[in-house]
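For the sequence shown, my numbering puts the final residue at 246, and the numbers step up evenly by one.
To be clear, the hints were calculated from the coordinates, so they are not data collected in a lab.
Worth double-checking, as some hints may not be accurate.
Straight-line Cα separation of at most 25 angstroms, DSS-like style, residue types lysine-lysine; simulated pairs [said to hold, decoys possible]:
1) K147 / K170
2) K47 / K61
3) K147 / K61
4) K147 / K92
5) K61 / K92
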Amino acid sequence: DRTGIEQSRLPAILELAAAIANAGLALRGLHYYDGHLTAPSFEQREKLAHSGYDRLMEIVKAFERSGFPIEEVITSGTPAFPCAATYAPFRKSGFVHRASPGTVVYSDVTSLTQLPAEWGYRPAAVVVSTVVSHPRANVVTCDAGHKAVSADAGIPNCAVAGYPDWTPLKPSEEHLPIEINSGAQPAIGEALYLIPRHVCPTVNNFDEALIVASNRIVGLEKVTARGHESPLRPVRSEPEPQCHLD
Numbered sequence: 001d002r003t004g005i006e007q008s009r010l011p012a013i014l015e016l017a018a019a020i021a022n023a024g025l026a027l028r029g030l031h032y033y034d035g036h037l038t039a040p041s042f043e044q045r046e047k048l049a050h051s052g053y054d055r056l057m058e059i060v061k062a063f064e065r066s067g068f069p070i071e072e073v074i075t076s077g078t079p080a081f082p083c084a085a086t087y088a089p090f091r092k093s094g095f096v097h098r099a100s101p102g103t104v105v106y107s108d109v110t111s112l113t114q115l116p117a118e119w120g121y122r123p124a125a126v127v128v129s130t131v132v133s134h135p136r137a138n139v140v141t142c143d144a145g146h147k148a149v150s151a152d153a154g155i156p157n158c159a160v161a162g163y164p165d166w167t168p169l170k171p172s173e174e175h176l177p178i179e180i181n182s183g184a185q186p187a188i189g190e191a192l193y194l195i196p197r198h199v200c201p202t203v204n205n206f207d208e209a210l211i212v213a214s215n216r217i218v219g220l221e222k223v224t225a226r227g228h229e230s231p232l233r234p235v236r237s238e239p240e241p242q243c244h245l246d
C-alpha cells in the first residue's frame, strides 16, 4: 500500500494513461512494484513474482491496443530481483526492462538471505560498536542502540560479523545487549562490527561514513541523502530589516 494502482484495476490504469496524454505529457513506461514479495523460499517468491509479471505483460498489451506504446518497464526491489532475472518474456519484449533493487548496494542481513549465494553479494556497510559492559553471564552490552542500528525490521535488528551464533537482543536507544552463545566473551573496549538487518534506515542515522579498503580507513564521506529537506518558508513581500553600523 504505497502508491500506484492495483493490477486488477485495468480500466483505471488506462484512464490514467489517457489523462496523461490529454495533459500533453508523454507516457514513457510503467513502474511495477514487487518489493513486498518476501517469501523465504526462492521458489515461492519466483512463482509469485512470475505470476505478477504475467499480469503485467497483459497490461502492457492492453496499453498498446489502446494506442499507448510502452517504451520502458521497471520492476524489482531487492527480494524479487533474482525472479526478474529468470523471467524470459522480459528479454523477448519490445520494451526496455530495468530491474531496480536498492539494498544490494550495501546489502544487509535480510537481503543476503533473499539473494542467491552464488551471486556473491557481501555486506558493504557495518556499524562499528564498542563493548561497554558485562551486565550478566553470557551477555555483553555494546554502545549501538536503535539510534545507531535501525530496529524497524524487528528483533534481532542486526548480526555480529564473524560471530553467527551470537544473538543481539532488544536494543534501547543507546545500547544493544548481545547473548554470547559460543566462544569467549569479548572484553570491555573491544570493537564489534554489526551488520544491520535493514541497512537503509541505518545509514540514515549517520552524518558521515568511514570508507575502508584493505583493512585501512581511506576516506570520510558525508551521507548526503539522510534527513529531510528544510521546511518551505513563506515568501516575504517586504525586504528584511537591515542593521547598519555608522
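message: With the threshold set at 25 angstroms, check whether the alpha-carbon distance from K61 to K92 stays at or below it.
response: 14 angstroms, holds
- prompt: Keeping to a limit of 25 angstroms between CA atoms, is the pair of K147 and K170 held or broken?
  reply: 13 angstroms, holds
message: Next pair to validate is K147 with K92; report whether the Cα-Cα distance is within 25 angstroms.
response: 46 angstroms, violated
- request: Below or equal to 25 angstroms on CA atoms is what counts here, so check K147 against K61.
  value: Roughly 47 angstroms separates the two Cα atoms, so the pair is violated.
query: Hey, K47 versus K61, does the alpha-carbon distance stay inside 25 angstroms?
result: Distance of about 21 angstroms is within 25 angstroms: holds.
This entry does not satisfy hints 3, 4, going by the numbered hints stated previously.
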